[in-house]
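Below, each chain spelled out in residue letters.
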Amino acid sequence: MDLNSLWFILIAVLFVGFFFLEGFDFGVGILLPILGKNDVDRRQIINTIGPHWDGNEVWMITAGGAIFAAFPNWYATLFSGFFLALFLVLVALIIRGVAFEFRSSHSSAGWRTSWDWAIFTGSILSAILWGVAVANLIKGVPIDAKMQYVGTFFDLLSPYTIIGGLTTLFVFVFHGALFLSLKTTGKMAEKAAKTARSVGLLAIVIVLIMAGCTYFQTGLFSSLGAGITLLSSGITLVLANVLLRSQKVKAAFVLNGLTILLFTVAMFWGLFPHVMISSLNPNWSLTIYNASSSPYTLKIMTIVAFTMVPIVLLYQGWTYWVFRKRVTEKDLHY
Amino acid sequence: MTQLIISRLQFAVTTSYHFLFVPLTLGLGVLVALMETWYVRTGNETYKKMTKFWGKLFLINFAMGVVTGLVQEFQFGMNWSEYSRFVGDIFGAPLAVEALLAFFLESTFLGVWVFGWDRLPKKVHLLSIWLVAISSNLSALWILIANSFMQEPVGYALRHGRAEMTSFLALVTNPHVFYQFPHTVLSGFVTAAFFVMGISAYHLIKKNHLDVFRRSFHMAVVFGIISTFGVAGIGHLQGMYLVKVQPMKMAAAEAHWETENPAGLLVFASIDEQGHKNTSQLEIPGMLSFLSYDRFTGEVKGINELQAADVQQYGPGNYIPPVTSLFWSFRIMLAAGMWLVVMSLLGLYFYKSKRLEQKTWFLKLLLFTIPIPYIANTSGWYMAEVGRQPWIVYGLQKVDAAVSTSVPAASMLIALIGFALIYSILAIADVYLLVKFIKQGPEEASPEALNHEMKGASLWT
Chain A
13 MDLNSLWFIL IAVLFVGFFF LEGFDFGVGI LLPILGKNDV DRRQIINTIG
63 PHWDGNEVWM ITAGGAIFAA FPNWYATLFS GFFLALFLVL VALIIRGVAF
113 EFRSSHSSAG WRTSWDWAIF TGSILSAILW GVAVANLIKG VPIDAKMQYV
163 GTFFDLLSPY TIIGGLTTLF VFVFHGALFL SLKTTGKMAE KAAKTARSVG
213 LLAIVIVLIM AGCTYFQTGL FSSLGAGITL LSSGITLVLA NVLLRSQKVK
263 AAFVLNGLTI LLFTVAMFWG LFPHVMISSL NPNWSLTIYN ASSSPYTLKI
313 MTIVAFTMVP IVLLYQGWTY WVFRKRVTEK DLHY
Chain B
-2 MTQLIISRLQ FAVTTSYHFL FVPLTLGLGV LVALMETWYV RTGNETYKKM
48 TKFWGKLFLI NFAMGVVTGL VQEFQFGMNW SEYSRFVGDI FGAPLAVEAL
98 LAFFLESTFL GVWVFGWDRL PKKVHLLSIW LVAISSNLSA LWILIANSFM
148 QEPVGYALRH GRAEMTSFLA LVTNPHVFYQ FPHTVLSGFV TAAFFVMGIS
198 AYHLIKKNHL DVFRRSFHMA VVFGIISTFG VAGIGHLQGM YLVKVQPMKM
248 AAAEAHWETE NPAGLLVFAS IDEQGHKNTS QLEIPGMLSF LSYDRFTGEV
298 KGINELQAAD VQQYGPGNYI PPVTSLFWSF RIMLAAGMWL VVMSLLGLYF
348 YKSKRLEQKT WFLKLLLFTI PIPYIANTSG WYMAEVGRQP WIVYGLQKVD
398 AAVSTSVPAA SMLIALIGFA LIYSILAIAD VYLLVKFIKQ GPEEASPEAL
448 NHEMKGASLW T
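Chains as they are written, first to last, in the working numbering: chain A, 13 to 346; chain B, -2 to 458.
Bound conformation, chain B alone:
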């Protein structure tokens, strides 16, 4: 039991932490690649400055993503060995493909990109950042194929006491992937767009390098508006899909206890999880039916009916995930998302009407909006993963049957505390460096500038 709690905590810590860095990598890689593309096409040095400035921030963030990703590759075996035995025949494959297809490509060509500025023809250098950007998104695809299997198992048969793959094609074309992948990748793009907009806003307020940050802002706001609307649109489709395939997750996220037709959407609810009801709530009539089916009528099954059905299908047990935290994490994600939609619309409007730089309040607001996508990302994943409880693989294996039995709880505790400690120290160093380079602005951030600075510096032993 202790092992289970510690392992779940460790997975939550290491994975949430890893996913602080991944979204920015997904989006910023593409943005930096676009900047360099403009540089190569126009020869305009401003774009080169942009590429190097944002590229440096990309590298610091990328390093954190890589090292925290290491843990991800091994902790299934360490803490979840029984899960690994049960689904390894299926789950291991996308992980191995991810490494072969994506990790090699991105790490190798990132090295080429960083060290190749003076050694490669411009176009080959440009190709290398595109390969990095594409392969990090490819990596997202493969890990989401793996995660989608946990959400909605397909292409398998239960044989020899485990789940065995019967169709690789079914695994990679899991319908779940078609919602999860664009939703995740586009939210990465949103994260990067607001990162670039926020930092550009900071420098526009300070009137530093106006050419660099106006262009950066322009690229980011266009990129941002497309991806913000993309995330929202896909998110709606995904919600409708989840009502069909993971009704319990959606019902819990809506604190929707009883089956209703038409069903109302709760803006606010005071939830009594023990009593399986809400003690007070604010409801928009018919709206949950609309979100589920795109029309204002239609039956949406409630938690209590779903629980009874699950007991019938899977045997006695509690199949209700933690309702209160799901309800609020879903609302936090939605609120953050709406905030981002508004901000990107305003950003585009002010930019196009050439009033952006006069709107200091808006620029400041943009700076403080940088964390919002991170909050949305984390609460979104919280909903996806916690909403699957008590299952680790939906309908096939429960979390408590998945944890390693042979590892002493004390060892697990050492690892949990160790990872948490190291991650905290690294977070401080990471933020410190990011802030330093952000404040320095474009010129000082480039590697050459660093070399000049060091050449004159005194040596030390």
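So here's chain A without its partners, still in its complex pose:
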């Protein structure tokens, strides 16, 4: 395997990490006003992701940095092309990020409600927009011979890409509900599990629609492996729902995590060896070759990544172990 393919896989790995970890963060953020009916509830909800959300978000930043380093043309075309969409994502993440720190710093009800809305809005916008972005990657967007995006913001919104956005939304909310149910006690854990049971079903429906549309609208299924992986993600999602109904929340969370992993892998697999598909002319697509850095840079970055990523995984894993205890009303920091 050449370094270009390796870096494509590494970036897929970063996105898997990002969607898996921020997936439940976004889900928890969206559920905040729905499950948190009073301040203690809400603080309990926020504290489940309190120690982790910032570290989780770095997966996205690193994915951005890795795309820049390994595939500069991809970085340039994607972020200039999806300019306004990315602007919205950044706004969402900005207000959401400060909200975690700011809300607990002042006890007036108006102050807290405002920041709770910031968390909710920031989370739901990010969850949807990342789905829209991924769907656009797999569907293809107008790119000209000079690797320039020639569409508008509204070209990014089509029935298919909106379904993509809804897919990540429901899968992430399901993920968040399961996570909450695992990390809290008593009533909150029950409420979260109940929400997970209904959202889980919606997630199945939307993933099936997404898979169907993907078959008709994109070339993903022309790769048998990608097709099978996408279908497997549907199966693990169904299994997660089944397990949840027999009170096996932890297993359901793992299975839904697997759904996110398989879904992301399927998208990247379907894309390979492209990184952005041109809907105007297949020859104008960006690939892991015409978009990449020089072999030397890829080699250097490979050494860096293979040293650092395992270390990051180790210490981030350690933090989940440190904070493995469920969050009760007694230990609220935020």
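Note that these hints are calculated values from the structure, not bench results. Hints are supplied without guarantee of correctness; some may be wrong.
Okay, derived cross-link-like pairs now, DSS-like style, lysine-lysine, Cα gap no bigger than 27 Å in a straight line [claimed, not checked]:
1) B:Lys204 <-> B:Lys351
2) B:Lys120 <-> A:Lys337
3) A:Lys203 <-> A:Lys337
4) A:Lys262 <-> A:Lys203
5) B:Lys45 <-> A:Lys337
6) A:Lys49 <-> A:Lys260
7) A:Lys206 <-> A:Lys337
8) B:Lys203 <-> B:Lys349
9) B:Lys119 <-> A:Lys337
10) B:Lys433 <-> B:Lys204
11) B:Lys298 <-> B:Lys241
12) B:Lys395 <-> A:Lys158
Label pairs and their computed distance ranges (CB to CB) [stated by the list, open to error]:
13) A:Leu220 <-> B:Glu42: 55 to 61 Å
14) B:Asp208 <-> A:Gly122: 33 to 39 Å
15) B:Gln355 <-> A:Ala121: 40 to 46 Å
16) B:Val432 <-> A:Lys337: 31 to 37 Å
17) B:Gly314 <-> A:Ala121: 55 to 61 Å
18) A:Ile315 <-> B:Tyr346: 47 to 53 Å
19) B:Trp358 <-> A:Ser126: 39 to 45 Å
20) A:Val254 <-> B:Thr39: 55 to 61 Å
21) B:Ile2 <-> A:Pro171: 36 to 42 Å
22) B:Trp358 <-> A:Ser119: 34 to 40 Å
23) A:Lys337 <-> B:Lys203: 39 to 45 Å
24) A:Thr197 <-> B:Phe365: 48 to 54 Å
25) A:Leu169 <-> B:Leu410: 17 to 23 Å
Model, not experiment: these values are computed from the prediction. Don't be surprised by glycine CBs; every beta carbon is placed ideally from N, CA and C.
Chain B: place on chain A using the hints.
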């Protein structure tokens, strides 16, 4: 053309704003880590109170640094896509390393630190704040390695229509880094030192928690004096270095139009940029030669000669950055720096002679000195970045060739206004919270206290 102006404005807004929070993070992280170290070593509860009080302010500031930093990671692609294509092979690497090496470490261990007070052994908890402090400074190192490439490209070759990396080692050992990194990090330390001194002064005037704020002041003044002198010293070396590698930037910052030997330093100048001369000026003879070479003679090239040389090397064009604003931003930085040197010397003197708390005028002055390092930081970066114009990468790519061509100006305008608006709202919230916690003082600011306060509070839906 409009795209270029909007993108430059956006970069100026988002980056200057981001760098309001970064310096304090760099320095305050180290100070809080030192405070906790003293707590762990002595078991003295005062140090724990200090750690928590300053730690809370650190967290509020840190959050702003993180979210404004998000934009930094993506806006090169958004607004500067042609730059990204041209230097991505080199510039992307330090950015990715920064994320892998520093961002993960600081964000993960900050979470551990905030939530780990009761769950971790004291020493592990202490280690986590040190990791945060070290990694935020590491992050500064990597982004400055990236910036140094823009100031002084090294370790590259022009191939396939772009700049490609030929030596990672050359990139990370760019001589420019050895001036930029300590100058930047130490000015962050200065910012934090004066932040802590200023707020301590406020409470010393009010006679609140004297034990906490005397000790805080002591730590900060020692930390401050070392770093203020460090910044000044490195700054002088950096100036001499820039005369060699970016002569145009230095000449513009000195409004030094004609080559002279010995060259005089202008304290004041009325600059005629169109006519390439100063209409009036106040000069210290020989001083510019001294600042450039550490001796009172020596030729310092002027803007006009440098412009002619650049035309010869790079073809026709205007290679002169905006002289007036550079001249004044440089002087603002220097004046602010001198003010800080004086204040830290006085602070140490009054503290050591045990007269600090009687000198109310000085304590008040310290409070009003808190913004001065911020002014110095911003004008310093203004000089570094604007002084590089018209280049985005010195000698390799001009700014007008770097901007995204495919993004409509209207979209860029939406983003510029959007960021400016959100940043303004956040600035108000941020200052409001900082002032609130500063006024409350140590006890109320700790997370536990907040919990007690909330437990009794009525619930709301």
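Can you confirm whether the C-alpha distance between Lys120 (chain B) and Lys337 (chain A) stays at or below 27 Å?
Since the Cα atoms of Lys120 (chain B) and Lys337 (chain A) sit roughly 21 Å apart, the hinted pair holds (cutoff 27 Å).
Quick check on a hinted range of 31 to 37 Å for Val432 (chain B) and Lys337 (chain A), using CB atoms only.
Taking Cβ atoms as reference, Val432 (chain B) and Lys337 (chain A) lie about 35 Å apart, which means the hint holds.
When you check the alpha-carbon spacing of Lys45 (chain B) and Lys337 (chain A), does it fall within 27 Å?
25 Å, holds
Distance restraint hint 17 to 23 Å, applied to the beta-carbon atoms of Leu169 (chain A) and Leu410 (chain B):
21 Å, holds
Measure nothing beyond the straight line between the CA atoms of Lys203 (chain B) and Lys349 (chain B); if it is 27 Å or shorter, mark the hint as holding.
21 Å, holds
Pair hint outcome, Lys119 (chain B) versus Lys337 (chain A) [Cα-Cα no greater than 27 Å]:
19 Å, holds
Sort out whether Lys241 (chain B) lies within 27 Å of Lys298 (chain B), counting only the CA atoms.
It holds: about 10 Å lies between the C-alpha atoms, which stays within 27 Å.
So the hint says 36 to 42 Å: do the beta-carbon atoms of Ile2 (chain B) and Pro171 (chain A) match that?
Taking Cβ atoms as reference, Ile2 (chain B) and Pro171 (chain A) lie about 38 Å apart, which means the hint holds.
Given a hinted range of 39 to 45 Å, is it respected by the beta-carbon distance of Lys337 (chain A) and Lys203 (chain B)?
40 Å, holds
If you draw a straight line from the CA of Lys433 (chain B) to the CA of Lys204 (chain B), is it 27 Å or shorter?
Roughly 18 Å between the alpha carbons, so the hint for Lys433 (chain B) and Lys204 (chain B) holds.
Between Lys49 (chain A) and Lys260 (chain A), does the CA-CA distance stay at or below 27 Å?
26 Å, holds
Mind checking the hinted window 33 to 39 Å against the Cβ distance between Asp208 (chain B) and Gly122 (chain A)?
36 Å, holds
The structure meets every hint from the earlier list without exception.
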